[in-house]
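Asker: Based on the sequences and whatever the hints tell you, model everything.
There are 2 protein chains.
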Amino acid sequence: MSVGPPVLRLEVEATDGPARAGVVHTPRGSFLTPVFMPVGTRGTIRAIGVDDLERLGAPVVLANTYHLMLRPGDDTVAALGGLHGFMDWSGHVLTDSGGYQVFSLGPKVTDEGAEFRSTYDGSRHTLTPESAVAIQQRLGADIQMVLDVCPSLPAPLEVVRAAVDRTAAWAARARAAHLPARLDGRTGQALFGIVQGGVDVALRRESAERTVALGFDGFGIGGLSVGEERAEMLPALAAALALLPPDQPRYLMGVGDPVSMVEAIALGVDMFDCVLPTRLARHGTILTAAGRINLRNQRFATDPEPLDPDCACPVCARWSRGYLRHLLQVQEVSAQRFCTIHNLHWLLRLVERTRTAIVAGELAALRTEVASHWR
Amino acid sequence: MSVGPPVLRLEVEATDGPARAGVVHTPRGSFLTPVFMPVGTRGTIRAIGVDDLERLGAPVVLANTYHLMLRPGDDTVAALGGLHGFMDWSGHVLTDSGGYQVFSLGPKVTDEGAEFRSTYDGSRHTLTPESAVAIQQRLGADIQMVLDVCPSLPAPLEVVRAAVDRTAAWAARARAAHLPARLDGRTGQALFGIVQGGVDVALRRESAERTVALGFDGFGIGGLSVGEERAEMLPALAAALALLPPDQPRYLMGVGDPVSMVEAIALGVDMFDCVLPTRLARHGTILTAAGRINLRNQRFATDPEPLDPDCACPVCARWSRGYLRHLLQVQEVSAQRFCTIHNLHWLLRLVERTRTAIVAGELAALRTEVASHWR
Numbered sequence: 001m002s003v004g005p006p007v008l009r010l011e012v013e014a015t016d017g018p019a020r021a022g023v024v025h026t027p028r029g030s031f032l033t034p035v036f037m038p039v040g041t042r043g044t045i046r047a048i049g050v051d052d053l054e055r056l057g058a059p060v061v062l063a064n065t066y067h068l069m070l071r072p073g074d075d076t077v078a079a080l081g082g083l084h085g086f087m088d089w090s091g092h093v094l095t096d097s098g099g100y101q102v103f104s105l106g107p108k109v110t111d112e113g114a115e116f117r118s119t120y121d122g123s124r125h126t127l128t129p130e131s132a133v134a135i136q137q138r139l140g141a142d143i144q145m146v147l148d149v150c151p152s153l154p155a156p157l158e159v160v161r162a163a164v165d166r167t168a169a170w171a172a173r174a175r176a177a178h179l180p181a182r183l184d185g186r187t188g189q190a191l192f193g194i195v196q197g198g199v200d201v202a203l204r205r206e207s208a209e210r211t212v213a214l215g216f217d218g219f220g221i222g223g224l225s226v227g228e229e230r231a232e233m234l235p236a237l238a239a240a241l242a243l244l245p246p247d248q249p250r251y252l253m254g255v256g257d258p259v260s261m262v263e264a265i266a267l268g269v270d271m272f273d274c275v276l277p278t279r280l281a282r283h284g285t286i287l288t289a290a291g292r293i294n295l296r297n298q299r300f301a302t303d304p305e306p307l308d309p310d311c312a313c314p315v316c317a318r319w320s321r322g323y324l325r326h327l328l329q330v331q332e333v334s335a336q337r338f339c340t341i342h343n344l345h346w347l348l349r350l351v352e353r354t355r356t357a358i359v360a361g362e363l364a365a366l367r368t369e370v371a372s373h374w375r
Numbered sequence: 001m002s003v004g005p006p007v008l009r010l011e012v013e014a015t016d017g018p019a020r021a022g023v024v025h026t027p028r029g030s031f032l033t034p035v036f037m038p039v040g041t042r043g044t045i046r047a048i049g050v051d052d053l054e055r056l057g058a059p060v061v062l063a064n065t066y067h068l069m070l071r072p073g074d075d076t077v078a079a080l081g082g083l084h085g086f087m088d089w090s091g092h093v094l095t096d097s098g099g100y101q102v103f104s105l106g107p108k109v110t111d112e113g114a115e116f117r118s119t120y121d122g123s124r125h126t127l128t129p130e131s132a133v134a135i136q137q138r139l140g141a142d143i144q145m146v147l148d149v150c151p152s153l154p155a156p157l158e159v160v161r162a163a164v165d166r167t168a169a170w171a172a173r174a175r176a177a178h179l180p181a182r183l184d185g186r187t188g189q190a191l192f193g194i195v196q197g198g199v200d201v202a203l204r205r206e207s208a209e210r211t212v213a214l215g216f217d218g219f220g221i222g223g224l225s226v227g228e229e230r231a232e233m234l235p236a237l238a239a240a241l242a243l244l245p246p247d248q249p250r251y252l253m254g255v256g257d258p259v260s261m262v263e264a265i266a267l268g269v270d271m272f273d274c275v276l277p278t279r280l281a282r283h284g285t286i287l288t289a290a291g292r293i294n295l296r297n298q299r300f301a302t303d304p305e306p307l308d309p310d311c312a313c314p315v316c317a318r319w320s321r322g323y324l325r326h327l328l329q330v331q332e333v334s335a336q337r338f339c340t341i342h343n344l345h346w347l348l349r350l351v352e353r354t355r356t357a358i359v360a361g362e363l364a365a366l367r368t369e370v371a372s373h374w375r
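Chains C and P, in that order, give the protein sequences. Using the working numbering, you'd call the opening residue of the first sequence number 1 and step up by one each time. Using the working numbering, you'd call the opening residue of the second sequence number 1 and step up by one each time.
Be aware that one or more of the hints could be misleading.
Unchecked claim - Going by beta-carbon spacing under 10 Å, a handful of chain C positions derived as facing chain P:
id, residue
1, T44
2, R46
3, M87
4, T128
5, E130
6, P304
7, V330
8, E332
9, A335
10, F338
Because the hints were derived from the structure by calculation, they are not lab data. C-beta: ideal position from N, C-alpha, C; glycine also.
Answerer: What follows is the structure, encoded as structure tokens:
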């Protein structure tokens with residue numbers, strides 16, 4: 001059940017067990033799933049440009065409501081054409097609600113919302129379920145997320161339970177705030193609910209049921225990959241997925257390590273975002289078919305090989321590890337750009353391979369391959 | 001008179017007074033003059049990649065011997081294919097001799113050479129006319145420069161006189177060190193001599209005569225734009241140019257402000273390099289047809305216009321001042337990249353326009369136009 005008139009549709013093209021290969025259709029166009037969405041925190045992927053992102057063929061970019069509402073401000077973004085006009089980006093954009101960043105600042109939280117101080121200038125701001133919807137509407141993303149409560153793990157059961165309750169109450173308010181613009185056709189934006197519940201299987205089930213009962217265009221699974229082990233994460237994820245409608249997209253928030261992504265895809269997840277590939281890149285940690293390498297290592301100083309000999313990215317096509325290590329060592333920012341392009345290409349390609357594997361009914365072999373090179 | 005068998009040839013296609021529109025032919029290919037050469041200090045233009053530089057159509061890039069001999073080391077560059085292989089750059093490369101940077105460190109200078117400490121790790125190094133030739137040979141540039149002595153201005157006459165004498169003595173040694181590889185065909189590199197003499201017209205003439213008498217493939221005019229007024233610089237420049245062979249290229253080192261470049265082109269200069277457009281870009285100072293603008297200014301926060309409405313660069317084609325200012329304000333390195341691309345495009349295009357004006361016999365009108373918008 002979507003929020004008002006449908007604006008987003010998932011077409012499942014193939015399955016391999018619970019894993020799905022799909023296409024998401026929106027008023028902007030369509031994108032294939034499973035999909036990895038690079039994180040464009042401040043209206044750009046850090047260290048690269050929209051031109052680079054286009055060449056990478058990434059279909060969806062995530063932008064951070066918290067950062068953009070403070071700098072340059074959602075009104076400024078709206079004045080410059082919303083995120084698509086501002087960035088000159090014709091692909092899809094998903095905005096988070098700002099909750100994740102706000103909760104990391106230790107805000108004052110009431111039933112009404114969360115009050116916090118800006119990390120830019122110390123000014124006071126309040127984010128409520130309603131204002132998060134309004135801000136994301138001004139930012140103009142194709143998909144917006146409800147404001148949720150995301151505790152760090154491990155957390156006492158009563159903290160996780162309170163987060164589930166407040167997340168459900170806020171989800172209902174976000175949906176009510178979003179509904180009028182949908183009913184009168186003022187927006188083509190989709191709104192996703194978020195499932196919380198920590199690593200407690202019963203709470204995950206309850207949160208999934210309550211979120212589904214409200215009705216959304218898709219579902220985020222939040223509050224995972226926030227300190228727990230993968231062995232704790234996957235059962236909680238599976239419990240939530242089992243109760244989500246099969247004909248709507250499922251988005252595992254903030255997860256981007258290769259093993260977790262492939263395992264989550266095997267459980268039926270369609271969408272991912274994570275700062276991991278871009279953050280690692282800026283520090284010279286490179287994703288390759290054989291696992292991570294640290295490009296700062298002296299042994300790469302005169303290495304004529306590309307970052308990953310099996311990679312078809314534009315950086316691996318041209319430059320040696322020796323050259324890229326040099327740029328990194330002398331702190332040329334182009335090193336950050338080139339490593340970011342490579343890591344994103346690598347992860348986007350891995351997710352494309354999971355899709356191909358699902359269509360071919362061969363996801364199990366890919367899971368084994370990834371598990372043999374990555375932890 | 002070149003150094004040994006000719007490897008570089010200037011074909012003058014048109015003149016407008018002393019100004020010349022030419023083509024420089026080398027074993028690598030050819031490039032049009034007047035030409036502005038972006039500074040690729042450490043084997044890359046700061047903030048952009050070789051891919052960006054190719055899209056800008058810059059035909060020649062300058063690389064800094066001082067930085068590259070220390071990081072990653074000329075042996076490492078040689079092992080990775082010389083600068084062309086290292087950077088994967090098929091255009092021309094000119095290397096400076098390292099002298100300019102070394103002299104800014106207050107080295108211990110003797111007739112033999114200059115001893116200095118690395119700014120990277122404090123280690124001791126010596127640069128001599130002979131070692132500068134050998135290092136540049138390993139770096140593999142198409143054009144190398146002799147080691148010269150470049151005093152800051154203002155300087156006492158005896159300091160400038162001593163610099164002229166030592167520059168001449170070192171030029172002879174550099175030429176002798178370079179000659180064997182030319183005579184037996186081991187290198188296609190060209191070697192340029194350098195004219196010193198401060199702002200003293202008589203010393204400029206003497207330095208030009210002595211450098212020309214030795215015989216080089218082209219001539220740098222060094223030691224200008226190092227603290228003096230433009231009104232002092234231009235007569236000294238003119239004095240040197242009058243004595244340089246008309247059929248060989250003249251390269252005014254380190255000058256890149258629009259007025260000085262256009263005035264120097266009018267006097268007969270063919271080549272320029274300068275960090276100005278790229279350094280300004282990284283701090284948000286933008287070159288436009290109407291003069292410089294400071295993109296950090298609040299008045300650009302919601303400005304939907306491109307950096308320069310008259311510019312055809314790939315940045316002006318897509319992004320607003322508002323978006324680029326935002327990237328700059330939140331310290332996204334892509335702001336540095338985009339501003340660098342614009343400023344380089346702008347300056348490369350200005351130099352192209354001087355060439356077109358020379359061919360049309362209309363350089364005077366362009367000088368007037370540039371002087372009306374720039375100081």
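Asker: Confirm or reject each hint.
Answerer: A quick look at each hint next to the structure:
The beta carbon of C:T44 comes within 5 Å of a beta carbon in chain P, closer than 10 Å, and the hint placing it at the interface holds. This hint holds: C:R46 has a C-beta 7 Å from the nearest C-beta of chain P, less than the 10 Å allowed. The criterion of a C-beta within 10 Å of any C-beta in chain P is met by C:M87, whose closest approach is roughly 7 Å, and the hint holds. Against a cut-off of 10 Å between C-beta atoms, the interface hint on C:T128 is violated, since the closest Cβ of chain P lies about 25 Å away.
Hint status for C:E130: violated, given a least beta-carbon distance of 25 Å to chain P, over 10 Å. Contact between C:P304 and chain P, as hinted, is supported at the beta carbon level, the nearest pair being about 6 Å apart and thus within 10 Å. Taking 10 Å as the C-beta cut-off, the interface hint given for C:V330 holds, the closest approach to chain P being about 5 Å. Checking C:E332 against chain P by beta carbon gives a least distance of about 5 Å; that is within 10 Å, so the hint holds.
Using the Cβ-Cβ criterion of 10 Å, the hint placing C:A335 at the interface with chain P is satisfied: the shortest such distance is roughly 9 Å. Taken as an interface hint, C:F338 checks out: its beta carbon lies about 7 Å from the nearest beta carbon of chain P, inside 10 Å.
The earlier numbered hints that this structure contradicts are 4 and 5.
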